[in-house]
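If you want the building blocks of each chain, they are given just below.
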Amino acid sequence: MSELTLESLDRDGALTEALAGVAGDSRASFLRKTVIGGGALLAALAAPRGAEARTNDTAILNYALALEYLQASFYDEALRLRALRGKLRQQARVVGAHERAHVSALQGVLGGDAIKRPFFNFRGTTEDQDAFRKTAVAFEDLGTAAYKDQAPLIESRGVLAAAIAIHSVEARHAAWIRRLAGIVPAAHAFDEPLSKPKTIALVASTRFVAKTRASSAPLFTG
Amino acid sequence: MADHLLLDVLDEEAPIEEETAARADFLAKAVVAGGALVSGGVLIGGLPPLAVSAPSPAQDVQILNFALLLEYLEAAFYKEALARGKLKGELRQFAETVGAHERAHVAFIRTALGTKARRKPSFDFRGTTRNARTFAKTALALEDTGVAALNGQAPNLTKGTLAAAAKIVSVEARHAAWIRDILELNPAPRASDQPMTAKQATAALNRTRFVRSS
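Protein chains in written order, with numbering that gives the first Met the number 0: chain U, 0 to 221; chain F, 0 to 213.
The hints are simulated quantities; they were obtained by calculation from the structure and are not laboratory data.
Bear in mind that the values here come from a model prediction, so they are computed numbers and not experimental data.
Cβ coordinates follow ideal geometry from the N, Cα and C atoms, glycine included.
Warning: the hint list may mix true and false statements.
Stated by the list, open to error - Computed cross-link-like contacts, DSBU-like style, restricted to lysine-lysine with a CA-CA straight-line distance of at most 35 Å:
#  : chain 1 : residue 1 : chain 2 : residue 2
1  : F       : K119      : F       : K198
2  : F       : K78       : U       : K86
3  : F       : K158      : F       : K87
4  : U       : K197      : U       : K86
5  : F       : K115      : U       : K86
6  : U       : K197      : F       : K87
7  : F       : K166      : U       : K195
8  : F       : K166      : F       : K119
9  : F       : K78       : F       : K115
10 : U       : K195      : F       : K158
11 : F       : K158      : F       : K119
12 : U       : K115      : U       : K197
13 : F       : K158      : U       : K115
14 : F       : K87       : F       : K115
15 : F       : K78       : F       : K119
16 : F       : K158      : F       : K198
17 : F       : K115      : F       : K198
18 : F       : K78       : F       : K166
19 : F       : K198      : U       : K197
20 : F       : K85       : F       : K119
21 : F       : K158      : F       : K115
22 : F       : K198      : F       : K166
23 : U       : K86       : F       : K85
24 : U       : K195      : U       : K115
25 : F       : K115      : F       : K166
26 : F       : K166      : F       : K85
27 : U       : K115      : U       : K86
28 : F       : K85       : U       : K115
29 : F       : K85       : F       : K158
30 : U       : K86       : F       : K119
What the hints assert, rightly or not - Not close to chain F: a few residues of chain U, all C-beta gaps over 10 Å, as computed:
#  : residue
31 : T54
32 : G107
33 : D112
34 : R116
35 : A130
36 : R156
37 : I163
38 : V168
39 : H172
40 : V183
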């Protein structure tokens with residue numbers, strides 16, 4: 000099986016708005032709650048230096064939230080449609096739960112500044128095991144690269160600690176699904192980051208983000 | 000969470016569904032004769048004593064040298080395991096692939112540190128490379144520990160060094176997930192990876208008694 004990226008999944012875009020709208024956010028209030036798992040860290044460590052730092056971190060967190068929405072919705076839909084069996088189903092259950100936990104953690108931190116969940120249309124990739132596997136590999140490798148790119152830009156120590164703890168979990172997910180897909184789980188000695196514009200372009204190219212709920216219905220069933 | 004979780008080795012392979020419960024038993028048996036503190040090995044120091052200290056180039060050197068020690072150790076572990084010739088199939092592929100990555104990490108960190116790079120110590124893996132089973136369990140412990148130790152130091156690094164370290168830590172996480180899946184353990188047991196403090200990481204390394212000289 001060849002290596003696969005989002006580019007090869009589908010063309011044309013829609014997520015651009017959802018992700019790009021994230022860029023300039025304001026009114027940060029993200030320290031009012033803590034992140035699950037790795038992060039009572041947030042409460043303990045976070046000491047933002049000022050409104051500017053908080054605004055920047057808010058934008059980063061909302062960008063992460065957009066990617067987590069995408070992942071969580073993908074696994075949820077695949078499970079709901081009962082498309083998966085055996086080890087693949089188990090992977091989707093465990094990883095889906097993680098992505099949901101990431102969503103709630105980010106929402107909790109962002110509070111009223113959190114972006115809303117967009118509608119998705121996964122274009123059949125949640126209905127077929129082979130398509131699911133390929134898409135999941137692409138999502139998890141992408142998630143790892145996107146978090147890696149953003150981590151050094153984070154101002155708050157607490158937010159950074161939480162983000163880096165999620166970053167390595169995305170890498171674990173990637174290795175897991177790659178092994179299930181018959182691809183070497185760790186292909187390179189160094190994982191490279193992927194910039195925000197490139198990430199947005201890749202996600203947009205999938206056309207997984209839909210304008211309305213109606214279009215998120217499965218293309219076919221069975 | 001107990002600070003000595005990771006380098007102690009699970010006493011039996013738990014199926015994936017039971018693994019959360021089984022983690023509590025991880026402490027039960029260390030392959031490397033846990034218990035008494037470092038009677039046969041060398042006590043490692045070398046990480047900043049505080050979990051929270053302002054990033055600085057000098058602190059980067061300390062942290063990178065600790066990371067270098069972990070990479071030396073991992074690289075030597077895979078090299079010895081392969082030399083013994085007991086690994087077959089995917090486990091052998093794992094050791095070859097991951098061993099090459101660890102050597103690349105050693106070279107990368109040594110270059111970054113220049114003359115400040117610590118020397119490679121000698122190691123005694125205390126029989127853990129002798130058969131496939133103890134090899135796999137020890138590899139799992141080393142990789143999970145590498146992730147936790149590096150994650151714990153991320154906020155203490157300057158931004159440039161953090162960007163470099165992040166390229167390594169996710170590869171260590173891939174290694175950990177890979178060997179966990181081979182062992183039929185949950186490759187990603189938590190939604191966020193628990194970091195280790197400097198003290199915890201140092202203590203975990205000391206408990207192995209793998210380091211013979213430094």
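Structure-based check of each hint:
no.	hint	result
1	F:K119 <-> F:K198	21 Å, holds
2	F:K78 <-> U:K86	31 Å, holds
3	F:K158 <-> F:K87	41 Å, violated
4	U:K197 <-> U:K86	32 Å, holds
5	F:K115 <-> U:K86	46 Å, violated
6	U:K197 <-> F:K87	40 Å, violated
7	F:K166 <-> U:K195	17 Å, holds
8	F:K166 <-> F:K119	22 Å, holds
9	F:K78 <-> F:K115	25 Å, holds
10	U:K195 <-> F:K158	18 Å, holds
11	F:K158 <-> F:K119	27 Å, holds
12	U:K115 <-> U:K197	22 Å, holds
13	F:K158 <-> U:K115	30 Å, holds
14	F:K87 <-> F:K115	38 Å, violated
15	F:K78 <-> F:K119	14 Å, holds
16	F:K158 <-> F:K198	22 Å, holds
17	F:K115 <-> F:K198	22 Å, holds
18	F:K78 <-> F:K166	23 Å, holds
19	F:K198 <-> U:K197	39 Å, violated
20	F:K85 <-> F:K119	25 Å, holds
21	F:K158 <-> F:K115	19 Å, holds
22	F:K198 <-> F:K166	24 Å, holds
23	U:K86 <-> F:K85	28 Å, holds
24	U:K195 <-> U:K115	19 Å, holds
25	F:K115 <-> F:K166	21 Å, holds
26	F:K166 <-> F:K85	31 Å, holds
27	U:K115 <-> U:K86	32 Å, holds
28	F:K85 <-> U:K115	53 Å, violated
29	F:K85 <-> F:K158	42 Å, violated
30	U:K86 <-> F:K119	41 Å, violated
31	T54	18 Å, holds
32	G107	13 Å, holds
33	D112	21 Å, holds
34	R116	18 Å, holds
35	A130	22 Å, holds
36	R156	4 Å, violated
37	I163	4 Å, violated
38	V168	6 Å, violated
39	H172	6 Å, violated
40	V183	7 Å, violated
Checked against the numbered hints above, the structure violates hints 3, 5, 6, 14, 19, 28, 29, 30, 36, 37, 38, 39, 40; every other hint is satisfied.
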